[in-house]
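Engineer: Please build the complex by placing chain F on the supplied structure of chain B, with the hints as guidance.
Spelled out, the chains give:
Number of protein chains: 2
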Amino acid sequence: MYSFLNTEFLPAEKTFVHVSDLAVQRGYGIFDFLKAVNGKIPFIDDYFDRFYRSAEFMQLPVSLTRAQLKEVVYELVQRNGEANAGIKMVLTGGYSPDGYEIATPNLIITQHALPMPSAKMLEQGVKIITHEFRREMPLVKSINYTTGVWLQRKVKEANAYDVLYHLHGEVSEFPRCNLFVVKENGHVVTPAVHVLEGITRKNILSLREGITVVEGKITLDDIWHASEVFLTSTTKRVVPIVQVDDVRIGTGKPGPVVQKILNELIRMENRPE
Amino acid sequence: MYSFLNTEFLPAEKTFVHVSDLAVQRGYGIFDFLKAVNGKIPFIDDYFDRFYRSAEFMQLPVSLTRAQLKEVVYELVQRNGEANAGIKMVLTGGYSPDGYEIATPNLIITQHALPMPSAKMLEQGVKIITHEFRREMPLVKSINYTTGVWLQRKVKEANAYDVLYHLHGEVSEFPRCNLFVVKENGHVVTPAVHVLEGITRKNILSLREGITVVEGKITLDDIWHASEVFLTSTTKRVVPIVQVDDVRIGTGKPGPVVQKILNELIRMENRPE
Numbered sequence: 001m002y003s004f005l006n007t008e009f010l011p012a013e014k015t016f017v018h019v020s021d022l023a024v025q026r027g028y029g030i031f032d033f034l035k036a037v038n039g040k041i042p043f044i045d046d047y048f049d050r051f052y053r054s055a056e057f058m059q060l061p062v063s064l065t066r067a068q069l070k071e072v073v074y075e076l077v078q079r080n081g082e083a084n085a086g087i088k089m090v091l092t093g094g095y096s097p098d099g100y101e102i103a104t105p106n107l108i109i110t111q112h113a114l115p116m117p118s119a120k121m122l123e124q125g126v127k128i129i130t131h132e133f134r135r136e137m138p139l140v141k142s143i144n145y146t147t148g149v150w151l152q153r154k155v156k157e158a159n160a161y162d163v164l165y166h167l168h169g170e171v172s173e174f175p176r177c178n179l180f181v182v183k184e185n186g187h188v189v190t191p192a193v194h195v196l197e198g199i200t201r202k203n204i205l206s207l208r209e210g211i212t213v214v215e216g217k218i219t220l221d222d223i224w225h226a227s228e229v230f231l232t233s234t235t236k237r238v239v240p241i242v243q244v245d246d247v248r249i250g251t252g253k254p255g256p257v258v259q260k261i262l263n264e265l266i267r268m269e270n271r272p273e
Numbered sequence: 001m002y003s004f005l006n007t008e009f010l011p012a013e014k015t016f017v018h019v020s021d022l023a024v025q026r027g028y029g030i031f032d033f034l035k036a037v038n039g040k041i042p043f044i045d046d047y048f049d050r051f052y053r054s055a056e057f058m059q060l061p062v063s064l065t066r067a068q069l070k071e072v073v074y075e076l077v078q079r080n081g082e083a084n085a086g087i088k089m090v091l092t093g094g095y096s097p098d099g100y101e102i103a104t105p106n107l108i109i110t111q112h113a114l115p116m117p118s119a120k121m122l123e124q125g126v127k128i129i130t131h132e133f134r135r136e137m138p139l140v141k142s143i144n145y146t147t148g149v150w151l152q153r154k155v156k157e158a159n160a161y162d163v164l165y166h167l168h169g170e171v172s173e174f175p176r177c178n179l180f181v182v183k184e185n186g187h188v189v190t191p192a193v194h195v196l197e198g199i200t201r202k203n204i205l206s207l208r209e210g211i212t213v214v215e216g217k218i219t220l221d222d223i224w225h226a227s228e229v230f231l232t233s234t235t236k237r238v239v240p241i242v243q244v245d246d247v248r249i250g251t252g253k254p255g256p257v258v259q260k261i262l263n264e265l266i267r268m269e270n271r272p273e
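These protein sequence lines are chains B and F, in that order. Read in the working numbering, the first sequence has 27 at position 27, and its numbers run on one by one without any break. Read in the working numbering, the second sequence has 219 at position 219, and its numbers run on one by one without any break.
Hints are computed from structural coordinates only; laboratory data are not their basis. As the structure is a computational prediction, the values presented were derived from the model and not from experiment. A portion of the hints provided could be inaccurate.
Which residues of chain F face chain B? A few of them, derived with a C-beta cut under 8 Å, are [unchecked claim]:
| no. | residue |
| --- | --- |
| 1 | S3 |
| 2 | N6 |
| 3 | V24 |
| 4 | T92 |
| 5 | E101 |
| 6 | I102 |
| 7 | T104 |
| 8 | T110 |
| 9 | I143 |
| 10 | V149 |
Simulated crosslink set (SDA-like; lysine to any residue; CA at most 20 Å straight-line) [to be verified]:
| no. | chain 1 | residue 1 | chain 2 | residue 2 |
| --- | --- | --- | --- | --- |
| 11 | B | K156 | F | F57 |
| 12 | B | K14 | F | T104 |
| 13 | B | K14 | F | E13 |
| 14 | B | K40 | B | A67 |
Label-pair ranges, simulated between beta-carbon atoms [as the list claims (entries may be wrong)]:
| no. | chain 1 | residue 1 | chain 2 | residue 2 | range |
| --- | --- | --- | --- | --- | --- |
| 15 | B | H194 | F | P61 | 52 to 62 Å |
| 16 | F | P61 | B | L167 | 24 to 34 Å |
| 17 | B | E82 | F | K120 | 55 to 65 Å |
For glycine and all other residues, C-beta sits at the position ideal for the given N, C-alpha and C.
Bound conformation, chain B alone:
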């Protein structure tokens, strides 16, 4: 397995950064995560848009042009010989002499196995818990997951699959996933603000046929009374949610809307460009 660091492909196990990197010293950096499907990367331009946008906001110049970066990503997938894989691009604050000022960023690209939701999970749905929190820069794909990582223990203790952030009852997102709710009128709604703009979220928002998907405000109360609730992400596509804390959602089983959306997402991923 190979990784890529700044200018060169390296054996993954030999890809190191110096401890003066601002990611190690101050948790400062951004990233994005792409998915190779049959050797192609669907929606790669959307991921690149977000990656360069996050980098610019965080004052981190990217040493490669979009064309160069695309070439590197595809060469990495080819070298590693896995047609289906996750690709993580991390851009750190670089080797900072004083451990605080932004320096020349380090670009780290690594390849990962893609853990998809199991068939059982899609058939039965999952339980989630909630936590009062809002990320400090939700629009930026920063590497700061302090609270999300820290909450993993609580998620496990509750036998839950993930944790949903809310502030004063207004829900936003999961640490790594977006939220969708099917309201009683059949409309599919996802929080409009204080969320990372997921690419899967964007694709679902683009659906038109036989379905109404909109951005809006969602409260915990809306969730408790929804007919369906589900989360979305690049790696997971969709995962139906049938329990939120101690509250059963809808019939307690995944509904027809989440299944329809899953089919649409698979179709979009495999659509010829």
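Structural biologist: Positioned in the frame of chain B, the structure of chain F alone reads:
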């Protein structure tokens, strides 16, 4: 110059971590910063208390006992041959196979030059700016300084020395320093909550002779009407503040209280144990 990584002293320039470390992947880790003064480390037990407390809260076991860690820190100072220096201990989330779950932490100890405030700064005082923000886990010395690092550009553009966080007008702390205000009644007050419990802050709170220092609530309005304002940290001790955004503080010059406190801090650092 040497650093220390987990079990061994290494040349500082050869101290690397693998990119799978949770600090690089998710900005997850804690740290502390000590100061060697004439080869001794004043208040080392206070720093160690906080380091082990942060580590425990963040679910990061420290591989060394306090006695072992103390030995390593003193050996590092001795090897590097600088009697006055900063020592940074970072404990990361470790090499995480899935890039999200906490693994076996990496302990990184590095030595740094100590940039003390200049004589001019102490004589004339500095300007600071304000920013609406509160850290997500203020009591923990987490490595997450996303907002603090990001704000450096604004600090420079404003020709300021640092940036003070407030939320709805209630002030808390600087990214790396605590705040003190001398009220019109002569009482010295520092924010009681939503702050990192600095060791210098603790030492100032312990002062008794001829001075009243308390924890309390401080608003931006309190700051504008204070007779003196100053910030504190391990490396800086105290820095007088004479301007907050566009508002002149007190007479516009450092006052007698900050000078008295500086003298006390120097005395405490050099006190035999």
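Engineer: Lying within 52 to 62 Å: is that true of the beta-carbon distance H194(B) to P61(F)?
Structural biologist: violated (34 Å)
Engineer: Does the interface hint hold: is T92(F) within less than 8 Å of chain B, judged Cβ to Cβ?
Structural biologist: holds (7 Å)
Engineer: At a threshold of 8 Å, is the proposed contact between I143(F) and chain B supported by beta-carbon distances?
Structural biologist: For I143(F), the interface hint holds, since the closest Cβ of chain B sits about 5 Å away, which is under 8 Å.
Engineer: Under 8 Å, Cβ to Cβ, is where I102(F) needs to be relative to chain B, so tell me if that hint holds or is violated.
Structural biologist: Holds, about 6 Å.
Engineer: Is the Cα-Cα distance between K40(B) and A67(B) 20 Å or less?
Structural biologist: holds (15 Å)
Engineer: Taking 8 Å as the limit, does the beta-carbon of V24(F) come near enough to a beta-carbon in chain B?
Structural biologist: For V24(F), the interface hint holds, since the closest Cβ of chain B sits about 5 Å away, which is under 8 Å.
Engineer: Does V149(F) pass the interface check with chain B, least Cβ-Cβ distance below 8 Å?
Structural biologist: Holds. Min distance 5 Å.
Engineer: Would you settle whether the hint for N6(F) is holds or violated, based on the nearest Cβ-Cβ distance to chain B being less than 8 Å?
Structural biologist: With Cβ-Cβ at 11 Å, over 8 Å, it is violated.
Engineer: Going by Cβ atoms only, is T110(F) closer than 8 Å to chain B?
Structural biologist: For T110(F), the interface hint holds, since the closest Cβ of chain B sits about 7 Å away, which is under 8 Å.
Engineer: Are K14(B) and T104(F) close enough, with their CA atoms no more than 20 Å apart?
Structural biologist: holds (18 Å)
Engineer: Can E101(F) be said to touch chain B, with a Cβ gap under 8 Å?
Structural biologist: holds (6 Å)
Engineer: If you take the shortest Cβ to Cβ gap from S3(F) to chain B, is it below 8 Å?
Structural biologist: Cβ of S3(F) sits 7 Å from chain B, so the hint holds.
Hint compliance for this structure: hints 2, 7, 15 are broken, all remaining hints hold.
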